[in-house]
Structure formats: C-alpha cells, structure tokens
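A.B. asks: Taken in order, the sequence shown gives residues 1 to 291; the numbers are from UniProt numbering.
No lab work stands behind these hints: they were computed from the structure. For clarity, every value in this text was computed on a predicted model and none was experimentally measured. Each hint should be verified, as a subset may be incorrect.
Below, computed lysine-lysine pairings styled on PhoX-like, alpha-carbon distance capped at 25 angstroms [said to hold, decoys possible]:
#, residue 1, residue 2
1, K120, K138
2, K235, K179
3, K72, K114
4, K112, K165
5, K114, K76
6, K236, K112
7, K177, K235
8, K112, K146
9, K73, K235
10, K165, K177
11, K177, K76
12, K72, K179
13, K112, K138
14, K138, K76
15, K179, K236
16, K138, K236
17, K236, K73
18, K165, K179
19, K165, K146
20, K114, K138
21, K114, K146
22, K236, K177
23, K72, K235
Pair ranges (Cβ atoms, derived) [as the list claims (entries may be wrong)]:
#, residue 1, residue 2, range
24, L43, K146, 19 to 27 angstroms
25, S279, S109, 26 to 34 angstroms
26, L30, K146, 37 to 45 angstroms
27, T63, Q113, 51 to 59 angstroms
28, V71, G33, 18 to 26 angstroms
29, I229, P145, 30 to 38 angstroms
30, L30, E160, 43 to 51 angstroms
31, L202, E273, 12 to 20 angstroms
32, H249, I215, 49 to 57 angstroms
Where is the CB? At the ideal position from N, CA and C, for every residue including glycine.
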Amino acid sequence: MTPEDYPALFHSADESSVAAQSSYLWLIRLQYGLLITAATVALWFDNAPALLLVYAFIVGASTALLIYMSVKKPEKDWYGCRALAESIKTSTWRYMMRSEPFEDVPQVSSVKQKFAAFLKGILDANSHVRDSISRRPKMGDQITPKMNEIRALPLEERREFYRTKRILEQRNWYVRKVKTNRRHFLGWIAFCILIQGSAIVLALIRSRYTEGWSIWPAEPLLVVASAAIGWIQIKKFNELASAYSLTAHEIGIIQTRISDVTSESEFSEFVNESERAFSREHTQWVARQND
C-alpha cells in the first residue's frame, strides 16, 4: 500500500498533522531561542546599559509567544489530525479485508455507502480539526481502485497481503521508532551533561581567577541545558521508546496467529482485533501528549 492508495480524507488529515506538528515544534524552538538570546544579552549589561531595551524586547516577545501558545494550543491540531488520519487508515484496512462492519454482502455498493458514512462519522467526531483539514483539500477518491482491488482478492491472498503490508510493516515501523527514540534520548542526555559540565568548569575557574574574563557565560549555558531538558520532556523520547517496544512485541504475538485463520469470519475477527491493537497504541499516544 502506497499513501496514494488511501482515501483522500486520509491525505488531508495526514498532511495537516505533519504541518501542525512542524509549526508547533518550531514555535517551541523559537521560545527556547528567545530565552537563550535574552540570557546572552544580559551578559553585556555592565558594558552597554542600552542593551536593557533589547533584553526587555526579547523577553516581551517570549512572553507574547507563551501567551499565544497557551491560548491557541497549536499542538491540538497535531494530535487531532493524527488521530483522524489513523482512524481512517484502520477503517480502510477493515474495508479492504472485508472485516466487520464492512463484511462481504451481495451488493458491493451498500458496503461502499457504509464506508462513506463511516468516514463522515469519523470526520464529525473530529470536528475540531475541520479548519485544519479544509486548508489542505484533496481531489482523490475516498474509495480508491487499490482498495477495491484488494477487497476482491480471495481470502488466502488478502490474508497474506494483510500479514506483509499491514502487520509486518507496522511492526517494523515500531521497531525503527524504538531505536530512533532511544538514540535521540541518549544524544540529548549527553548534550545536557556536556553543557552543564561546561557551566561547572566555568564556575570552578571563576572561583580561582576572579580577575579573569569580564564575561562568564555560565547563565546562558544553564538556559541552553534547561531548553534541552524541556525538549526531551516535550518529545518524550524514552517514554515513547518503551511504549513502542511493547506494541512491537504485541504485534509480533498477533503475527503468529494469522496462519491459523481459515475462514472469512475468523479473518474478520482477527483483523478487528489487530486494528484495535494498533488503535489502542495511538489512542494512548494522544492521551500522553495531552497529559
């Protein structure tokens, strides 16, 4: 399955989520940048009192940005659009696998109508992100030719397609995310240790050489370290690595059971159970982001 094989609504929600995430994280970076700049400017107060005005302006801009983010809560669009995109994706797989509530019926048109109604229901349940999605309209089909092609396959071929293109790909995605988040966590921790260690060294040097430099950048270094710690807390690298690892193991357990599926009813139940596992992890992710 390529991204183009999913409904047009999925693309709108997915792109909106990516854009909202990027905007939110850049606002966080800007907030930290302003604070670091303010701490750096403060080093020259004694030599250039006029910099007090610059300092006041920077702190004022940082405060205004804080108020804006507190009121607008731009991260909500990120979470909401991602939840909508994942709901559409799991519904798409249920449709293609003829899983409940899109099981096989004599008239395929009735299933298509049910899927369209299902999409509308998902969109209505996420009405708070309508504005974000409306800014990225897509002209593709809501039921793509690929979806109907896969749905028309015999049980054995659909089962194999689901195993390789859904379960294995999903498991590999979680494994990659575990490694990435752990690597980033260790990298940022090492950076914090380096910065705070530098501040300690500067303090020790200053205690012995009081007549040394006129400017000691210990305070900006501590602000940089605080920003790095804040970034770790926002990204939740370690927490996500643990959660993704557990999900990858759960998917591995699910994968071992697919070979025992021999009928349409068993496959429908299996797909629904698998999709609930995928959705459960994402629901928990949204809840963690909202905490």
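A.B. asks: Take the hints in turn and mark each one as holding or not.
C.D. replies: Going through the hints against the structure:
no.: 1; hint: K120 to K138; verdict: holds (15 angstroms)
no.: 2; hint: K235 to K179; verdict: holds (14 angstroms)
no.: 3; hint: K72 to K114; verdict: violated (36 angstroms)
no.: 4; hint: K112 to K165; verdict: holds (22 angstroms)
no.: 5; hint: K114 to K76; verdict: violated (29 angstroms)
no.: 6; hint: K236 to K112; verdict: violated (40 angstroms)
no.: 7; hint: K177 to K235; verdict: holds (12 angstroms)
no.: 8; hint: K112 to K146; verdict: holds (14 angstroms)
no.: 9; hint: K73 to K235; verdict: holds (16 angstroms)
no.: 10; hint: K165 to K177; verdict: holds (18 angstroms)
no.: 11; hint: K177 to K76; verdict: holds (22 angstroms)
no.: 12; hint: K72 to K179; verdict: violated (33 angstroms)
no.: 13; hint: K112 to K138; verdict: holds (19 angstroms)
no.: 14; hint: K138 to K76; verdict: holds (22 angstroms)
no.: 15; hint: K179 to K236; verdict: holds (14 angstroms)
no.: 16; hint: K138 to K236; verdict: violated (32 angstroms)
no.: 17; hint: K236 to K73; verdict: holds (18 angstroms)
no.: 18; hint: K165 to K179; verdict: holds (21 angstroms)
no.: 19; hint: K165 to K146; verdict: holds (13 angstroms)
no.: 20; hint: K114 to K138; verdict: holds (21 angstroms)
no.: 21; hint: K114 to K146; verdict: holds (18 angstroms)
no.: 22; hint: K236 to K177; verdict: holds (12 angstroms)
no.: 23; hint: K72 to K235; verdict: holds (20 angstroms)
no.: 24; hint: L43 to K146: 19 to 27 angstroms; verdict: violated (60 angstroms)
no.: 25; hint: S279 to S109: 26 to 34 angstroms; verdict: holds (27 angstroms)
no.: 26; hint: L30 to K146: 37 to 45 angstroms; verdict: holds (41 angstroms)
no.: 27; hint: T63 to Q113: 51 to 59 angstroms; verdict: holds (53 angstroms)
no.: 28; hint: V71 to G33: 18 to 26 angstroms; verdict: holds (21 angstroms)
no.: 29; hint: I229 to P145: 30 to 38 angstroms; verdict: violated (49 angstroms)
no.: 30; hint: L30 to E160: 43 to 51 angstroms; verdict: holds (48 angstroms)
no.: 31; hint: L202 to E273: 12 to 20 angstroms; verdict: violated (57 angstroms)
no.: 32; hint: H249 to I215: 49 to 57 angstroms; verdict: holds (53 angstroms)
Of the numbered hints given earlier, the model fails hints 3, 5, 6, 12, 16, 24, 29 and 31; all others are met.
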